[in-house]
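Participant: Listed below, chain by chain, are the residues.
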Amino acid sequence: MALTGTPLILLAAAGTVAVLAATVLLWSRGGRLRYPLRPLGILLTEALLLVTAGLVANRHEQFYPSWAALAASADPPPTVTRPAAGGWDGWLVARGPGPFAWPDPAWPARRLGRAPQVVPPDGYLTHPSLRYPVIVVLGPPPARPPAARDSVVVYLPATGPEAVDAVATALPHDLRVSGHGWALVAPAASAALAERVLTAAPGRFVAVAEVGRGPACRVAAGIATSRRRFTAREALAWAAGQTPAPLAMTSPPVHRLPAHHAKGRRGAA
Amino acid sequence: MPPDSLALEIVVAAVAVTAPVGAGLVRTRLVRALALALCLLSAAATALVWLNRQVDAYPTWATLTGSSAEAAPVTATTTPGGGRILDLTVPGHASGLTLPMYAYLPPGYDTATRTSYPVVEALHGYPASPLQWLKRLHVAKTLDTEITAGRMAPTIVLFPWQTTRTSLDTECTNLSGGPQAETFLTVDVPAFAKTRLRVRTTPGSWGLIGYSAGGYCATDLLLRHPGQYRAAAGLSSYATPGIKVGDGSERTTYNDCWRLTHLPVPAVALYLASSPADRNSSRDTAALARLARAPMTVTTTRMAGGGHNLATWEAMEAPAFDWLSTWLSRPER
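The listed protein sequences derive, respectively, from chains L and D. Quick note, in my numbering, the first sequence goes up one by one and the last residue is 321. Quick note, in my numbering, the second sequence goes up one by one and the last residue is 327.
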């Protein structure tokens, strides 16, 4: 019999009426037994009345849709998960810290231009449980590309959103990076390119910093921008400050909730 | 003996059990009638106190008499070395409301005195109060655990009251001719937090979370104020306020499905957790996920079992806070 079904409510209501009737009928009967029977009858009537009211409220609001939901303790068991090591992590340990050119020979250089320069943050290899946000810097990289605090920086001498997409597709396999919460740094002169990059991947970037003259890029409400006139180094520092902190995997991870995870729209975590 | 205390529940339950014994013994009709009335009243009171202990809608006697201006002092469960809870009163210069608020300060807040933190505003269901987060959903302990494990960045979490009296359901809207709850939550609370706490002030640093009616609040305030909030998480939430705002806007601008259909969509992120057994909330979650479009993103999670209850939200809250942290700007040193 379902917890929210009409039969159970009718049964409880009928029980209430029956016990009430029995209490009234037996009030002056039953000899000495009537003294314990009276309070028992009243208590049982009250309890059944409350149960009936509770069942009606529960059916209406679906607090506990099933007996299992009523009995369950929904506290999920603690799950400890670590992100998969980035494909380049081992290579990075052998190679040591510092910037490097995208080591994958599969980078489609002819179509997307020069391979990106990648700069992992300090502490990347000593915190293997963390995933880092990414800052994509458009334009030719400086001779010694600087790092950013707690963010992976990718210098992309590229011409369009396709190159950013190529990075976004490949990087989560190669380094421990998050899938969203990224920042974009672009020369103010490349505002149109920056806009194309932002609109091509909704949800990926949460901030855009423009280098040089004032902000020229038009962004949707919800993406952080600054009115300051940044140098390249300032833009990088500001962008890093807008991104999320490096984080360990959720526990229980979203897809391992006591049930299952149904992904929403694109950009979903 | 506050109205949500175990002591009161034991007292009224004791009366409810002993009154029938008295009613069975007395012989005078008038006294018996009075005793039977006491039986009914005490049984109803036992049920109501139990219910109030679940939802914490009336944490003090003052709230029962129609005022939420007096916050109940709270001793929330935190872990050793974890965060702490502050009792505050927010003077609402923009809304004209002055209401209590609790604030969770993360571990390290008192020592890292040059750090400013991202913020999450946590909204409760109806009927309830912010105390339900603290006392029934054990949110401080959850936040301590998630922050200490590195799954969530150290974050300040605010628990504001959402109405002037518990019997008035505002659904975080500006009621025509009534409390301006939306203005209080989106203007006054951030302004107050900026003066009293080391919060980050950039829009990408603020998020929202809520369960049940609070989930509607979180979704709605995110869509209406993308300049203030970057992300929101709704647990068993709805797409409409379910009340009359007073000007019919519950069918338009306060209806989130209408907003997604008729207005430009902001670049914000929304997380909706629901239990399929909770049909109303699941239906609204599906509608919102279907209607959302770029540049907005929606993540949905479904829990097997569960319902529209505390155990479900307690299971949902940690992953939701973790998810919010993946969108909000980091603490700034």
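Among these hints, one or two may not hold up.
[What the hints assert, rightly or not] Label-pair ranges, simulated between beta-carbon atoms:
1. L/Gly57 / D/Ser161: 25 to 33 Å
2. D/Ser243 / L/Trp143: 36 to 44 Å
3. L/Pro59 / D/Ser170: 42 to 50 Å
4. D/Thr22 / L/His112: 37 to 45 Å
5. D/Thr105 / L/Trp143: 32 to 40 Å
6. D/Met(-5) / L/His112: 25 to 33 Å
7. D/Ile4 / L/His225: 54 to 62 Å
8. D/Thr12 / L/Gly106: 19 to 27 Å
9. L/Arg265 / D/Ala56: 53 to 61 Å
Just so you know, these hints were derived from the structure itself, not from any lab. Glycine included, C-beta positions come from ideal geometry on N, C-alpha and C.
Participant: Could you see if the CB distance from D/Ser243 to L/Trp143 stays within 36 to 44 Å?
Facilitator: violated (58 Å)
Participant: Given the hint of 25 to 33 Å, check if L/Gly57 and D/Ser161 actually sit that far apart at their C-beta atoms.
Facilitator: holds (32 Å)
Participant: Using the beta carbons of D/Thr105 and L/Trp143, state whether their distance is inside 32 to 40 Å or not.
Facilitator: Once the Cβ atoms are compared, 38 Å apart, the range 32 to 40 Å for L/Trp143 and D/Thr105 holds.
Participant: Are L/Arg265 and D/Ala56 spaced within 53 to 61 Å by their CB atoms?
Facilitator: holds (58 Å)
Participant: Should the hint that D/Thr22 and L/His112 are 37 to 45 Å apart at their CB atoms be regarded as holding?
Facilitator: Given range 37 to 45 Å: holds, Cβ gap about 41 Å.
Participant: Is it true that D/Met(-5) and L/His112 lie within 25 to 33 Å of each other by Cβ?
Facilitator: Holds, at about 31 Å.
Participant: Does the hinted range 42 to 50 Å hold for L/Pro59 and D/Ser170 at CB?
Facilitator: Once the Cβ atoms are compared, 44 Å apart, the range 42 to 50 Å for D/Ser170 and L/Pro59 holds.
Participant: Quick one: are D/Ile4 and L/His225 within 54 to 62 Å, going by C-beta?
Facilitator: holds (59 Å)
Participant: That 19 to 27 Å hint for D/Thr12 and L/Gly106 (C-beta), does it hold up?
Facilitator: Holds, since D/Thr12 and L/Gly106 (Cβ atoms, about 23 Å apart) stay within the stated range.
Hint 2 from the list above is the single one not met by this structure.
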